[in-house]
Amino acid sequence: MPDTGHAIDPDQANALLRACHTRRLDREGIPMVLALVDERHETVPSSNDRTRADGTTLADLLGAYADILVPPPIFRPDDEGALITAMQVLAYAHFSGSAEPDPGLGATELTR
Amino acid sequence: MSAPTVASHKQAFRQGQLIRVVNYHSTPAGGAAALERELADYAQAFCPVTLEDLDALFETGEWHKDRPGVLPVFYEGYRNSATVAAPLCERVGLTACFPVATQFLSTPTEHQEAFARAHWIYLVEEDLRGERIAMTWEELRDLSERHIVFPHTASHEGFDTVLDAADLKREVSDPKAEMDSVTGQDAAAFAWLHGSPYGRSPMHDRALVDAGYRFLFSNTMIQRLPTA
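Chains C and L are the protein sequences, given in the same order. One point on numbering: in my numbering, the residue at position 87 of the first sequence is 87, and numbering is uninterrupted. One point on numbering: in my numbering, the residue at position 83 of the second sequence is 83, and numbering is uninterrupted.
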């Protein structure tokens, strides 16, 4: 089961996957939420509750979308393309950090 | 070495180690109004991210502004990155990143379309008027005074086509030296074509570190690189 308290409908996840790939990517911005990784030493966690809460929501949603769209063992854990696919959907639908899809995503896209 | 996986990204996100970026390529003037609306929305919801912010974030682990940060990233070195995107970012109060294929800027105007088509640089209709497609080095220098500029290799190459020391010099270290000589700054970051991360190839990783880059922008991460 996805580890988010906000259940994600697989049909909606697949609709978001299609929607975020059918935009004019040659002209439009492609939102992504990137991890910050320090290759010098172990990454320092933030002590800010709000920052960690934002990250926890996004982590749960990433896990949920990955479970639905690119589940193991169909996709290898080290399949970077699979990770990117889940992250694209995450950022397309939840760039604001909200557990609900961001307003402005057309209802027609989600039901297409 | 950090292998990018769902698990590693979930862990980083839970630790608050994340940043929002929006990746762009050609931004033709005909789409300026839509781009301005999009950037204005981002500026309202998020805070700008400067290079100093990025350094501080890695040194302290803390984001110090009242809203999360967002970084628009305009790839390749298109002329319209300088003439359309940058002024719009400035109008709405955002700092942007401009990773440029340095050889694109040095290619004569009459050969820029061929350069783009030979090197995975996508063109839109407005790019095809027979005029300059790439920004000039002077435009890049001006951008560097207000934004973050860095090499995206010389010829828009992926690490899988950069095979030996000569290739690494041409695509990794020379672009930084050339850019720094123009801007008078120290280009802090690098990005491979196709967004490959640090940790795939010791030879390529070493070249990035030896060239003096601090950050690598990849598909799923911004990595703070070791020092030489």
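These are calculated hints, taken from the structure and not from any lab test. Treat the hints with care, since some could be wrong.
Every beta carbon over 10 Å from chain L, so not counted as near; a handful from chain C, in silico [claimed, not checked]: (1) P10; (2) D11; (3) A13; (4) A15; (5) L17; (6) C20; (7) H21; (8) T22; (9) A35; (10) R40; (11) P73; (12) I74; (13) E80; (14) P101.
Covered stretches of chain C, as calculated for chain L (at least 3 residues, CB under 8 Å) [stated by the list, open to error]: (15) 45-55; (16) 61-68.
Taking beta-carbon pairs under 10 Å as the criterion, some of the chain C residues facing chain L (in silico) [as the list claims (entries may be wrong)]: (17) R24; (18) E28; (19) M32; (20) L34; (21) V37; (22) L58; (23) P77; (24) M87; (25) S96; (26) A99; (27) E100.
We put the CB at the ideal spot given by N, CA and C, even for glycine.
Hints, one by one, checked against the model:
no. : hint  : result
1   : P10   : holds, 17 Å
2   : D11   : holds, 21 Å
3   : A13   : holds, 14 Å
4   : A15   : holds, 21 Å
5   : L17   : holds, 15 Å
6   : C20   : holds, 12 Å
7   : H21   : holds, 14 Å
8   : T22   : holds, 17 Å
9   : A35   : violated, 4 Å
10  : R40   : violated, 5 Å
11  : P73   : holds, 13 Å
12  : I74   : holds, 13 Å
13  : E80   : violated, 5 Å
14  : P101  : holds, 15 Å
15  : 45-55 : holds (count 8)
16  : 61-68 : holds (count 3)
17  : R24   : holds, 9 Å
18  : E28   : holds, 8 Å
19  : M32   : holds, 5 Å
20  : L34   : holds, 5 Å
21  : V37   : holds, 5 Å
22  : L58   : holds, 5 Å
23  : P77   : holds, 5 Å
24  : M87   : holds, 6 Å
25  : S96   : holds, 6 Å
26  : A99   : violated, 13 Å
27  : E100  : violated, 15 Å
Checked against the numbered hints given earlier, this structure breaks hints 9, 10, 13, 26, 27; the rest are met.
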